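Visitor: Sequence:
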Amino acid sequence: MPLTLDTPRAYETGDINDLPVAGGAQIFEGSAIGIVAASGLARPLAAGDLFAGFADRGADNRIGGAGAIRVRTREHGKVQLAVAALAITDIGKAVYASDSGTFVLTAAGNSRVGHVHRFVSGGVGIVKFAAQAIPVAP
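In terms of this note's numbering, the sequence shown opens at residue 1 and continues consecutively.
Derived from the structure by calculation, the hints contain no laboratory data. Misleading hints may appear alongside valid ones.
Stated by the list, open to error - Using 25 Å as the maximum straight-line C-alpha spacing, the simulated DSS-like pairs for lysine-lysine come out as follows:
| id | residue 1 | residue 2 |
| --- | --- | --- |
| 1 | Lys128 | Lys93 |
| 2 | Lys93 | Lys78 |
| 3 | Lys128 | Lys78 |
Everything numeric in this text was worked out from a predicted model, so none of it was measured.
Please model the complete structure; the sequences and the hints are all you need to start from.
Guide: Okay, structure coming up:
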(Lines of atoms letter the chains of each structure in order from A and count residues from 1; the text may use other names and numbers.)
(Lines give C-alpha, C1' and ligand atoms only; values in the text may rest on other atoms or scores of the structure.)
Protein backbone atom coordinates (compact mmCIF):
# COMPACT_ATOMS: atom_id res chain seq x y z
CA MET A 1 0.00 0.00 0.00
CA PRO A 2 1.46 3.41 -0.92
CA LEU A 3 2.37 5.74 1.94
CA THR A 4 0.05 8.64 2.63
CA LEU A 5 1.91 10.01 5.69
CA ASP A 6 5.50 10.67 6.70
CA THR A 7 6.88 7.38 8.00
CA PRO A 8 10.09 7.68 10.02
CA ARG A 9 12.25 4.56 9.73
CA ALA A 10 15.18 3.16 11.68
CA TYR A 11 18.22 3.16 9.38
CA GLU A 12 21.63 1.61 9.88
CA THR A 13 24.88 2.96 8.49
CA GLY A 14 25.52 1.11 5.25
CA ASP A 15 28.91 -0.33 6.09
CA ILE A 16 28.23 -1.50 9.66
CA ASN A 17 26.59 -4.78 10.67
CA ASP A 18 25.82 -6.37 14.02
CA LEU A 19 26.11 -10.18 13.99
CA PRO A 20 25.35 -12.82 16.67
CA VAL A 21 28.49 -14.56 17.92
CA ALA A 22 28.96 -18.33 18.16
CA GLY A 23 29.07 -19.75 21.67
CA GLY A 24 32.59 -20.15 23.04
CA ALA A 25 34.07 -17.66 20.54
CA GLN A 26 36.23 -14.63 21.28
CA ILE A 27 36.60 -12.10 18.49
CA PHE A 28 39.27 -9.42 18.78
CA GLU A 29 38.98 -5.93 17.33
CA GLY A 30 40.41 -5.98 13.80
CA SER A 31 39.76 -9.71 13.31
CA ALA A 32 38.44 -10.95 10.00
CA ILE A 33 35.00 -12.39 10.79
CA GLY A 34 33.70 -15.64 9.36
CA ILE A 35 30.22 -17.14 9.38
CA VAL A 36 29.77 -20.70 10.63
CA ALA A 37 27.92 -22.37 7.74
CA ALA A 38 25.85 -24.71 9.92
CA SER A 39 24.56 -22.02 12.32
CA GLY A 40 24.94 -18.65 10.60
CA LEU A 41 26.82 -17.33 13.65
CA ALA A 42 29.93 -15.15 13.59
CA ARG A 43 33.36 -16.30 14.74
CA PRO A 44 37.00 -15.43 14.07
CA LEU A 45 37.38 -16.38 10.42
CA ALA A 46 38.60 -19.89 9.63
CA ALA A 47 39.78 -20.78 6.11
CA GLY A 48 36.80 -21.40 3.86
CA ASP A 49 34.27 -19.42 5.95
CA LEU A 50 31.99 -16.87 4.35
CA PHE A 51 33.77 -13.52 4.97
CA ALA A 52 31.53 -11.13 6.92
CA GLY A 53 33.89 -8.15 7.37
CA PHE A 54 36.24 -6.95 10.11
CA ALA A 55 35.42 -6.61 13.81
CA ASP A 56 34.96 -2.94 14.68
CA ARG A 57 35.40 -3.84 18.36
CA GLY A 58 36.01 -7.01 20.35
CA ALA A 59 33.33 -9.48 21.41
CA ASP A 60 33.94 -12.13 24.08
CA ASN A 61 31.39 -14.95 24.11
CA ARG A 62 33.69 -17.61 25.59
CA ILE A 63 31.23 -18.37 28.38
CA GLY A 64 28.01 -17.46 26.57
CA GLY A 65 25.62 -19.52 24.51
CA ALA A 66 25.18 -19.21 20.77
CA GLY A 67 24.06 -15.68 19.90
CA ALA A 68 24.28 -14.43 23.52
CA ILE A 69 26.26 -11.39 22.33
CA ARG A 70 26.81 -9.60 19.05
CA VAL A 71 29.87 -8.28 17.24
CA ARG A 72 29.89 -4.99 15.36
CA THR A 73 31.51 -5.41 11.93
CA ARG A 74 32.64 -3.22 9.06
CA GLU A 75 31.26 -4.82 5.91
CA HIS A 76 33.20 -2.90 3.26
CA GLY A 77 35.92 -0.34 2.87
CA LYS A 78 39.69 -0.16 2.58
CA VAL A 79 42.11 -1.44 5.21
CA GLN A 80 45.88 -1.68 5.50
CA LEU A 81 46.91 -5.33 5.89
CA ALA A 82 50.04 -7.43 5.93
CA VAL A 83 49.62 -9.77 2.94
CA ALA A 84 52.13 -12.59 2.57
CA ALA A 85 54.59 -11.99 -0.31
CA LEU A 86 52.75 -8.88 -1.55
CA ALA A 87 54.70 -7.02 -4.26
CA ILE A 88 54.10 -3.75 -6.10
CA THR A 89 52.99 -5.74 -9.17
CA ASP A 90 50.07 -7.30 -7.23
CA ILE A 91 47.69 -4.33 -7.46
CA GLY A 92 44.25 -5.63 -8.43
CA LYS A 93 44.92 -9.22 -7.32
CA ALA A 94 42.42 -10.97 -5.06
CA VAL A 95 43.25 -11.20 -1.35
CA TYR A 96 42.19 -14.16 0.80
CA ALA A 97 42.22 -14.93 4.53
CA SER A 98 43.37 -18.26 5.94
CA ASP A 99 42.36 -17.24 9.49
CA SER A 100 41.27 -14.11 11.36
CA GLY A 101 44.62 -12.37 10.93
CA THR A 102 46.51 -14.04 8.06
CA PHE A 103 46.10 -12.66 4.54
CA VAL A 104 47.43 -14.25 1.35
CA LEU A 105 47.12 -14.13 -2.43
CA THR A 106 46.30 -17.86 -2.60
CA ALA A 107 42.69 -18.89 -3.19
CA ALA A 108 42.90 -22.63 -2.45
CA GLY A 109 40.89 -23.39 0.69
CA ASN A 110 40.84 -19.75 1.86
CA SER A 111 38.15 -17.07 2.14
CA ARG A 112 38.04 -14.18 -0.33
CA VAL A 113 38.28 -10.80 1.39
CA GLY A 114 38.77 -8.33 -1.46
CA HIS A 115 41.59 -7.12 -3.70
CA VAL A 116 44.84 -5.18 -3.50
CA HIS A 117 43.94 -1.52 -3.97
CA ARG A 118 47.34 0.02 -3.32
CA PHE A 119 50.87 -1.17 -2.53
CA VAL A 120 52.36 0.34 0.65
CA SER A 121 55.61 -1.61 1.08
CA GLY A 122 56.89 -5.17 0.74
CA GLY A 123 54.21 -7.42 2.24
CA VAL A 124 51.86 -4.53 3.13
CA GLY A 125 49.03 -3.08 1.10
CA ILE A 126 45.70 -1.33 1.17
CA VAL A 127 43.00 -3.92 0.56
CA LYS A 128 39.56 -2.95 -0.69
CA PHE A 129 37.31 -5.43 1.10
CA ALA A 130 33.65 -6.41 0.94
CA ALA A 131 31.71 -8.89 3.04
CA GLN A 132 30.17 -11.71 1.07
CA ALA A 133 26.38 -11.87 1.13
CA ILE A 134 25.19 -12.97 4.56
CA PRO A 135 22.45 -15.61 4.31
CA VAL A 136 19.16 -14.60 5.86
CA ALA A 137 17.57 -17.14 8.17
CA PRO A 138 14.04 -18.14 7.11
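Visitor: Determine for every hint whether it applies to the structure shown.
Guide: Quick rundown of the hints versus the structure:
1. For the proposed pair Lys128 and Lys93, the alpha carbon gap of about 11 Å is at most 25 Å, so the pair holds.
2. Proximity of Lys93 to Lys78 is assessed by CA-CA distance (about 14 Å); at most 25 Å being required, the pair is judged to hold.
3. Of the supplied pair hints, the one linking Lys128 and Lys78 holds, its CA atoms being roughly 4 Å apart against a limit of 25 Å.
Comparing the model with each numbered hint stated earlier shows that all of them hold.
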